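Enquirer: Taken in order, these protein sequences are the chains called A and B.
Last residue of the first sequence: number 232 in the working numbering, and the count goes up by one each step with no gaps.
Last residue of the second sequence: number 464 in the working numbering, and the count goes up by one each step with no gaps.
It should be emphasised that the hints constitute simulated quantities derived from the structure, not laboratory data.
One or more hints might be untrue.
Below, in silico cross-link-like pairs of lysine-lysine (DSS-like), each with a Cα-Cα straight-line distance of 27 Å or less [to be verified]:
#, chain 1, residue 1, chain 2, residue 2
1, A, 160, A, 58
2, B, 373, B, 342
3, B, 290, B, 300
4, B, 300, B, 272
5, A, 68, A, 58
6, B, 254, A, 160
7, B, 290, B, 272
8, B, 373, A, 68
9, B, 392, B, 300
10, A, 40, B, 373
11, B, 290, B, 392
12, B, 300, B, 254
13, A, 40, B, 272
14, A, 141, A, 68
15, A, 40, A, 58
16, B, 290, B, 342
17, B, 392, B, 373
18, A, 68, B, 272
19, B, 300, A, 40
20, A, 141, B, 254
21, A, 160, A, 110
Small disclaimer: the values here were computed from a predicted structure and weren't measured.
There are 2 protein chains.
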Amino acid sequence: MIARSPLPKQAKLKNATPIWRKEDRADHIYRVAAEIMCEKGYEATSMNDIADAVGLTKAGIYHYIRGKEDLLFEIMSYAMDMVDQDVIHPAQEIVDAEERLTTIVERHAKRILEVGGAVTILLEEMYALTPAHRRTIRARKRAYFDLVRQTLEELAAEGKLREINPVVGTFSLFGMISWISRWYRRDGELSPQQILHDFREVAVSAVLRTRGGAATRALPAARAALRKKVAR
Amino acid sequence: MIARSPLPKQAKLKNATPIWRKEDRADHIYRVAAEIMCEKGYEATSMNDIADAVGLTKAGIYHYIRGKEDLLFEIMSYAMDMVDQDVIHPAQEIVDAEERLTTIVERHAKRILEVGGAVTILLEEMYALTPAHRRTIRARKRAYFDLVRQTLEELAAEGKLREINPVVGTFSLFGMISWISRWYRRDGELSPQQILHDFREVAVSAVLRTRGGAATRALPAARAALRKKVAR
DNA sequence: CCGGGTTGACCGACCGTTCGGTAGAGTGTA
DNA sequence: TACACTCTACCGAACGGTCGGTCAACCCGG
C-alpha cells in the first residue's frame, strides 16, 4: 500500500489544481505514519522515516501536523473511530446478546483481515501518549470492553455463558482478536474467509455453551483429513 | 519487586564477602531491566533508566553487560527458558493430546499469573534484535507453536477438535495466553486461582468439541447471580 | 508581488557506548 | 607491620550520532 520508493521529493508538475489538497496531504501523512509505526513500533519510527516515505522533508510535514505524539494520538483515535463505526455502533443496536456477541467478533475480525486493520497494534502503545491523550483513548477502549463484558453478563443471565467470570471471558476474546493482526499475513496460505469462519467458531465457543457444532458435525473425518494436508 | 528506592549508590560496608556477588548483580540488572522494559517498552527504556533503578551509573552497568540489545536478547532467552522448563518439556512427555493441551494452557497461564510472567510481553519486540538473535528467538517460538499445532492436529484426527484449521486455533490460543500478562494485575479483584480456572475453561473449549461443561452445569442461575456482584 | 507551501540549516536534548581514572580490598614480600 | 602492587567495581566525562522540533529564507502560482 502506498509504495512510492523512487519518487522525487516533490512532484514538480505544473497543475492548476495542486495534486494534494491540504487535508488530503494530512490524511496521507497519517496513513503513511500509521503504516510505518505499525511495523517498526512508535519509538523506533523517526519523523525522518515518515517524511521520507511521504515525500517531504521533516520540516515539511510539521506544516501539517503538530508533533509526533499528536500523530500517534490521531492515529489511535482514527483506529477507535473505525472500531466504533464498524463494530460498536452496529452491535449496540442488536438486542439479542448472542447475536450481538457474534456480530462483534465477526465484524472486528473482518476489519482486521480485510481492511488494513493492523492499526490496532498501535493501540497498545499507550505509554507513549501524554496523560490527557492516554485518558481519552483508555476511556474509549474501556467503553468497548464494557460493551463486551455486559453482553457476556446478559448471556450469563440467559444461561448461555460458560461457567466463567465475564471479565475473564472478555479479556480472552480481546486477546484472540487483537492477536490476529500480529500473525495474519495477506500473502499467507490461509484465506481471510477461511480464517474468519474458523475464528468466529473459536471465539464464540470459547465463551458460549452448547456450541458443539451440531450443524457441521457431519463428515468430521473427511474434513479432518483435508485439513491435515494443509498443515505440517 | 526488588524495590530499593532510598539505597545509596554503593554499599560502603566493610564486608569479607561483598553484598553482591558479580553474577548476582548481573542477574539483578537483568531482572530490573526486564521489569522496566516490560512496562515502558524496549525502545522507550534508556540505559539511564536501568542504571538508576539498579543503583549504578550508566557507565557502571557496562561492567556487567555487553549492551542494550544483548540485554533484551538475554531476557528473551530467559523467558523462553522458563517456558521450555515449565510448559514445553512437561507437555512433551504427555502422550494423550487432550491432556497435553490442557497442560500447556494451564501451565503457561499459571506461570504468567503466579510468577512474574510479564516478561512474555518482551517476546514481542523481535524487531529490536539483531538478525542472528532474532533467528534464535524465532526458532524457539516456532518450536512452541509447532508443539501446540501438532497437538491440535492430533486432536483433529481423534475427532475432538472443532471444525477449525489447527493453525487458526493455535494462534487464537497464543493470543489469549499472551494477552493475560497485559491485563492481569496482581492487586486486582480477581484471584489467580479463579482466573486460572475460568481461563482454562475458555481456552480449552475454544478449540475442543463437546465441552458443554456437563459436570458444572448445576446451579447455573445461582453462580451467575454471584458473578454479577463482582462485575459493573 | 503576495502568501501558502516547502526547504536546508540548525538547535538542544538525549541516546548507547567508551574511556581514563580511582577507591578500596586483596595479595605478595620483606 | 609496612609497603608495593594488582584487581575488581565503579564513576565522571565525553564521544559520535540521532532524536523531535524550529526558523529564516525561498519558490512559485495567483
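Enquirer: All hints are to be evaluated individually against the structure, with a verdict given for each.
Expert: Hints versus structure:
no., hint, in the structure
1, 160(A) <-> 58(A), "55 Å, violated"
2, 373(B) <-> 342(B), "19 Å, holds"
3, 290(B) <-> 300(B), "11 Å, holds"
4, 300(B) <-> 272(B), "15 Å, holds"
5, 68(A) <-> 58(A), "11 Å, holds"
6, 254(B) <-> 160(A), "57 Å, violated"
7, 290(B) <-> 272(B), "18 Å, holds"
8, 373(B) <-> 68(A), "33 Å, violated"
9, 392(B) <-> 300(B), "46 Å, violated"
10, 40(A) <-> 373(B), "20 Å, holds"
11, 290(B) <-> 392(B), "55 Å, violated"
12, 300(B) <-> 254(B), "19 Å, holds"
13, 40(A) <-> 272(B), "16 Å, holds"
14, 141(A) <-> 68(A), "22 Å, holds"
15, 40(A) <-> 58(A), "18 Å, holds"
16, 290(B) <-> 342(B), "35 Å, violated"
17, 392(B) <-> 373(B), "25 Å, holds"
18, 68(A) <-> 272(B), "17 Å, holds"
19, 300(B) <-> 40(A), "18 Å, holds"
20, 141(A) <-> 254(B), "45 Å, violated"
21, 160(A) <-> 110(A), "24 Å, holds"
Hint check: violations occur at hints 1, 6, 8, 9, 11, 16 and 20; the rest are consistent with the structure.
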